[in-house]
Structure formats: C-alpha cells, structure tokens
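Residue numbers (the numbering used here), protein chains in the order written: chain F, 51 to 194; chain P, 51 to 194.
For the record, the hints were derived by calculation from the structure and aren't laboratory data.
A portion of the hints provided could be inaccurate.
Identical chains blur together in the list; that is why a pair holds if it fits in one copy or across any two.
Unchecked claim - Restricting the straight-line Cα-Cα distance to at most 20 Å, the calculated cross-link-like pairs of lysine to aspartate or glutamate (EDC-like) are:
#, residue 1, residue 2
1, 105, 65
2, 81, 144
3, 55, 154
4, 158, 89
5, 55, 120
Read off the chains here:
There are 2 protein chains.
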Amino acid sequence: MNLMKIAHVPPVVVEVSASVADAVNAMVSNKVGAVAVVENDVLRGIISERDVVKKVVHAGRAASQTRVADVMTTEVESIVEDTPPSEALQIMIDGYFRHLPIVDGKGKVLGILSIRNFLQNRVEELEDSINSITSYYAADGAGG
Amino acid sequence: MNLMKIAHVPPVVVEVSASVADAVNAMVSNKVGAVAVVENDVLRGIISERDVVKKVVHAGRAASQTRVADVMTTEVESIVEDTPPSEALQIMIDGYFRHLPIVDGKGKVLGILSIRNFLQNRVEELEDSINSITSYYAADGAGG
Numbered sequence: 051m052n053l054m055k056i057a058h059v060p061p062v063v064v065e066v067s068a069s070v071a072d073a074v075n076a077m078v079s080n081k082v083g084a085v086a087v088v089e090n091d092v093l094r095g096i097i098s099e100r101d102v103v104k105k106v107v108h109a110g111r112a113a114s115q116t117r118v119a120d121v122m123t124t125e126v127e128s129i130v131e132d133t134p135p136s137e138a139l140q141i142m143i144d145g146y147f148r149h150l151p152i153v154d155g156k157g158k159v160l161g162i163l164s165i166r167n168f169l170q171n172r173v174e175e176l177e178d179s180i181n182s183i184t185s186y187y188a189a190d191g192a193g194g
Numbered sequence: 051m052n053l054m055k056i057a058h059v060p061p062v063v064v065e066v067s068a069s070v071a072d073a074v075n076a077m078v079s080n081k082v083g084a085v086a087v088v089e090n091d092v093l094r095g096i097i098s099e100r101d102v103v104k105k106v107v108h109a110g111r112a113a114s115q116t117r118v119a120d121v122m123t124t125e126v127e128s129i130v131e132d133t134p135p136s137e138a139l140q141i142m143i144d145g146y147f148r149h150l151p152i153v154d155g156k157g158k159v160l161g162i163l164s165i166r167n168f169l170q171n172r173v174e175e176l177e178d179s180i181n182s183i184t185s186y187y188a189a190d191g192a193g194g
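Kindly generate the complete structure, drawing on both the sequences and the hints.
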C-alpha cells in the first residue's frame, strides 16, 4: 500500500490568515471533511467539520468573523511519505484522528489521509490476502 | 459480528421540530458526527456535521433560526437489527454514507452505525481470520 495513493492529493489547504468561512468554502467545494492550515507552505494546523460545528456553530461565533487560526487544531500529528502504513493507521486509531497530513522534510503538506479511505483500503487488502491464502492452500491440497 | 454491538446505542436523536442549534448541542455533548431526526419515535431523517457545515454555515444561515427539518437528509437508508453486516457495510460504501440508522419494524431508531467503527471492527475481524487460517494450516502442516 502506498500512502500517497490513498491520501487526498493535492491536499486542500487554507492560509493561517483565512477565516473559518474560507475554510468552509474549501471543504464544501472539495467535498472534504478537513483542510490543512499552512503558513508559507508549512503545516500549522488542521481544521475539520467537527471543529467548525463545535468551536464555531456551538460556540455561537460567526464563521466570517472567526479566523481559522483561532479554532484550528494546532497539535497536529503528521507523517512522511515513507511512514509504514500500519504505523500511520495506528496513529489515527490511537489518537482518534479522522485526518492525518503527510508532509515532506520541510513540513510542506503533500496530502491528507482520511481514516475512512484508509480503513476501506485495508479491508480490501485483507480480503485479498484471505482469498490468496485460502486458494493457495486449496491448490496445495488438490495438487499434493 | 453483531450490528448492535458496534452501533451507537442508544441512538442520539432530536425531534423534527428541533433547531439546528439543538442538533449541534446533541452532537457536541454526545461526541457524535450525526443525529437521527424523529417524529413520534419514528425515523424521519438524519443530520450530520457535514449538513451543518454545508447547509447552515456555508449557506449563511443561523443555527438557532434554522429547523433541522429544513436541512436534514430525508432520503435515509436504514437497516434492521438482523441485516447481514456485509450488506450493511456495502450500503454504506456504495452510498458513501458515514452513518446508517438501525430501526425496528415500526421505524423506531435502535442505534446508529458509523462507518468508521464498522470498518475498524471489520479490519480486526479480518486480521483475526488471517491469523486463525495461517495457524490452522501451520498446525496441519506440522502435524500431518
């Protein structure tokens, strides 16, 4: 499995100076549940539908008057392109993260993994493994 | 796999007469991404974080002045308790649904499945299968 193949590439990003309304526009037009927040191309945070619902709508703030910098999650875990997929999945499961940015050595965002796509891909991969294991042993049994 | 065991039970519900602000309160306090909308206990729709972001925030509406009935998804697929899990998962994958209500014969909501929990459970189940298949054949090879 190649992480970049199941990630959203190119990533949907907004500048750290953007408003929540800008981030919501980016989410809606790209049909994604979270966007990376960057400053000079470098990852500074992530803002998700959940952040908007909880920290803006629930808090009674106006999206156009609120800066993403004020509601984004700043303690963002990220991975690099060659992080082992099993490690990336474990980070998402343990942290209960729905999204995980993939960055390069300079912190530039290359893509964003969503746990939904990741898990769906993993289910298909495991089903394929089971099929090949069982057909291998079936062939072995028939032939030997 | 028992669907009710991986579903959110009891389900988080709001009345069809509720405002979006009420639905958002229910989402935030229960830490769920969607709530079922009911009328006399019967499923009428579902409203998700995505609906709030897209149809309320992005549309420039005020959550307290908007009724869930006006922004909920009304064409909701649902399943019953004994729907085969593989069928339930396929419905969610094909329809790209993140949430799927489980109802009884009268349309009363019993629980809400989230695709994330479902897929995570399926990954664990498939990994267990692979382990038992390989250890079965390993034992067979060693003994026979």
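Now the hints, each set against the structure:
Taking identical chains as interchangeable, the C-alpha atoms of residue 105 and residue 65 lie at most 20 Å apart only when both belong to the same chain, with a minimum of 19 Å there against 24 Å between chains. For the identical chains of this complex, residue 81 and residue 144 are inter-copy neighbours only, at 17 Å across copies versus 25 Å inside a copy, given an alpha-carbon limit of 20 Å. Proximity of residue 55 and residue 154 under a CA criterion of 20 Å is satisfied intra-copy only: 16 Å inside one chain copy versus 40 Å between copies. Taking the closest pair of Cα atoms, residue 158 and residue 89 come within 20 Å of each other only inside a single copy of the chain (10 Å); across copies the shortest separation is 49 Å, beyond that limit.
With identical chains, the CA atoms of residue 55 and residue 120 are never at most 20 Å apart, being 32 Å at best within one copy and 38 Å at best between copies.
Hint compliance for this structure: hint 5 alone is broken.
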